[in-house]
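As a plain string of letters, each chain reads:
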Amino acid sequence: MIEARGVTKRFGDFVALDDVSVQVPGGSLTALLGPSGSGKSTLLRVIAGLEAPDDGDVLIFGENATAVAPQKRGVGFVFQHYAAFKHMTVWHNVAFGLKIRRRPKAEVKERVGQLLELVQLSGFAHRYPAQLSGGQRQRMALARALAVEPKVLLLDEPFGALDARVRKELRAWLRRLHDDVHVTTVFVTHDQEEAMEVADQIVVMNDGRVEQTAGARELYDEPANEFVMSFVGPVNRLDNDWVRPHDLELTRESNGATRPARVERVIHLGFEARVELELDDGEELWAQMTQEQCEELDLEPGSRVHVRPRRARTFASTQP
Amino acid sequence: MARYALRLVAIGYVSALLLVPLGIVFRRAFADGVGPAWDAVTTPAALHAFWLTILIALIAVPANTLFGVVCALAIVRRRFRGHGLVNSAVDLPLALSPVVVGLALLLLYGRGGWFGSWLFDHDVRVIFALPSMVLATIFVSLPFVVREVVPVLREIGDEQEQAASTLGASSWQTFWRITLPAIRWGVAYGIVLTTARALGEFGAVSVVSGRIAGRTETMTTHVGERFEAFDLVGAYAASVVLALAAMATLLLMTMFQPREERTR
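As you go down the protein sequences, you meet chains A and B in turn.
Per the working numbering, the very first residue in the first sequence carries number 1; after that it's consecutive.
Per the working numbering, the very first residue in the second sequence carries number 1001; after that it's consecutive.
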């Protein structure tokens, strides 16, 4: 298990981490999710030892690692921009950590071969990083980090620099890899879909603090506050209530509990349809439904409808 | 049309200011044939001057290479008090006239200078001897390695170094295996410029050396001395040797520097 206890980190006047405590269960795949500037990357770098916290402790499998140099922490780190060793071939990049540890030649050869196979780069051993695509470079960086058999694998926005299609492929691939290798993994992302798709546990961060730690389902259905509610999925605001667009029920007839509204626009997205509405008191919101429901209601701009939240959440302290 | 005009201007400028004067030096050197020119550059004084120049470069260039790389690392990778001061001070030798550098050394180490009397009492000769000539050369050729390496270090960033450290490499291992290979062309280019500057230094060395023929004359001061002694063939022939040395360093650089590496 990895644990951060009351970690605080300042850069000048900017407080990047404000008394953050996080627990990552051993063998899990945990995502640090948050907008840019939320402190998620800083927390990852503190765990790796690349940044020293101003206050607080980092424990890696029960051992206090706060004062331990990054070389000795047993962590593998993967950078957003790969940090490939440009003057070395793929093979030498992956072998780097083993050579530093002076492992016997035969062992290095065998291990690098296995890893290149694992990341599907066996045919690229003699290429230089400049001759690889972004996705291939990131897989090489992963193999390089895994070569030294780290206790913890840390990935800083690993797919952030890749195009959408490769991102999706690599996400699924990372999930499968984790199921095979089972190394405790923490990755940073600002993409809530990526976090929900890949991670067992998601730590939502904002403004240098942890907002909520939970699984994807719980985070979506039981958000701890407005920030989490609005960050992990789309929301509408109805007075003091927060409603997901798919929890808005539209009817043609008023039934007392509903509020009258006018359809502004209907967007057809194949399976899904989005209906933009304006309540009679001027508030704007949008509803999400299937194409079929939309057709049944026969909605088009200008239609009069009645709106009722099927399910809504209210939070104690309401953000302005 | 404009392209040709530009080309013409560039070629004309280079010819008028560089190629033609250099050509005249070569022609004058061999005006009486190869024999006299060869005799002029193989006199004991000339040979000593060549040897001394090479010796000074052999001390000054490695010293400035080591200092340059360390200094560039400090400027780019570390934040410390006086950071800006160091960064600007490195350029001082480019702005300062070498004669002023020579005079400053004279004031420090000459008889009656700050350290001069102590050194004189202990029988250590700095001024009018090799140490002051090396110091002067180190001073004037100091900025080149720093200025070549700093932008390269900035460009490569520190992620590769951080990656190496998480893989278990010590800072020493990271420097030799990651940083140095990444900046090697910057260092090489810096060394070439430092060498060229060290071989060609005249002003500062001329002041501190005393220009004693056969003892403290370098190639450049030897050329000056021969010229003043109306030995034109001697002056031109020695100049030819200097010019050839400069060309050889430039040639070495282009040979060692593959095209793809430069444009990467």
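Source of the hints: derived by calculation from the structure; they are not laboratory data.
A few of these clues could be false.
Label-pair distances were calculated between CB atoms; the ranges are [as the list claims (entries may be wrong)]: (1) Arg10/A with Arg1111/B: 26 to 34 Å; (2) Glu283/A with Ser1088/B: 58 to 66 Å; (3) Glu276/A with Ala1074/B: 53 to 61 Å; (4) Gly123/A with Ser1088/B: 50 to 58 Å; (5) Gly123/A with Met1255/B: 44 to 52 Å; (6) Val1100/B with Phe11/A: 36 to 44 Å; (7) Leu118/A with Ala1074/B: 58 to 66 Å; (8) Lys86/A with Ala1016/B: 55 to 63 Å; (9) Arg10/A with Ala1002/B: 55 to 63 Å; (10) Arg1077/B with Arg10/A: 35 to 43 Å.
Keep in mind that this is a model prediction, so the values were computed, not measured.
Glycine included, each C-beta is placed from N, C-alpha and C at the ideal position.
- Item | Hints breached by this structure | 1, 5, 7, 8 and 10
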